[in-house]
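Let the sequences and hints guide you as you build the complete structure.
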Amino acid sequence: SQTIHQWPATLVQPVGSPLSLECTVEGTSNPNLYWYRQAAGRGLQLLFYSVGIGQISSEVPQNLSASRPQDRQFILSSKKLLLSDSGFYLCAWTGQGAGELFFGEGSRLTVL
Amino acid sequence: GQQLNQSPQSMFIQEGEDVSMNCTSSSIFNTWLWYKQDPGEGPVLLIALYKAGELTSNGRLTAQFGITRKDSFLNISASIPSDVGIYFCAGQRGSNYKLTFGKGTLLTVNP
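Chains W and P, in that order, are what the protein sequence lines are.
Going letter by letter, the first sequence gives residues 88 to 199 in our numbering.
Going letter by letter, the second sequence gives residues 177 to 287 in our numbering.
The hints are simulated quantities; they were obtained by calculation from the structure and are not laboratory data.
There may be inaccurate statements among the hints.
Capping the alpha-carbon separation at 35 Å, the derived lysine-lysine pairs in DSBU-like fashion look like this [to be verified]:
1) Lys274/P / Lys246/P
2) Lys246/P / Lys227/P
3) Lys167/W / Lys279/P
4) Lys274/P / Lys167/W
5) Lys274/P / Lys166/W
6) Lys166/W / Lys279/P
7) Lys279/P / Lys246/P
Structure (structure tokens):
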């Protein structure tokens, strides 16, 4: 069966520090991968998605970047965090052509 | 852009009551999905709908794909305290890789 795992689960970082959140999917190949952010207001905002290795589409201009170095690995990064980067970050995947999106456990980022 | 209007925004009910929530859009979708999110966790897929008019159940949950393809509803029967959480609808158009999400319905169940 397929599983998705992201880490770390919780992160507290000072303003200006770098960020790296990692996500891996097991049990499938060539998934579509996604990073979402969920602010306190509950809505899910799509940040990045990837349909293959090295292919990244950005949905909103921001202080973050994403990379996909391997087929089932998706990384969310920042060189210098801002206060506004705080939130709950969710990695997700779908199969090729499939509409069902499966989420990871989430990573809570607090920037102080 | 595409938007999904999800209502109600929040609900406070007594244990044992039935619950209904819905999503509407001005755009046609070919897939509707319903998720539940517990506090501090990622959303979990509850039901997926692929055909207009489709009615699908998952235990006490029932969801329907509207015949116009512009709406969907989710019903929960005989609610229990563990039903507490945020429920999201999501829609997909064509082969678009991106889902459109509603803003969620926060459900509180009083025992």
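Subject >> Violating hint indices (sorted, rising) >> reply: none
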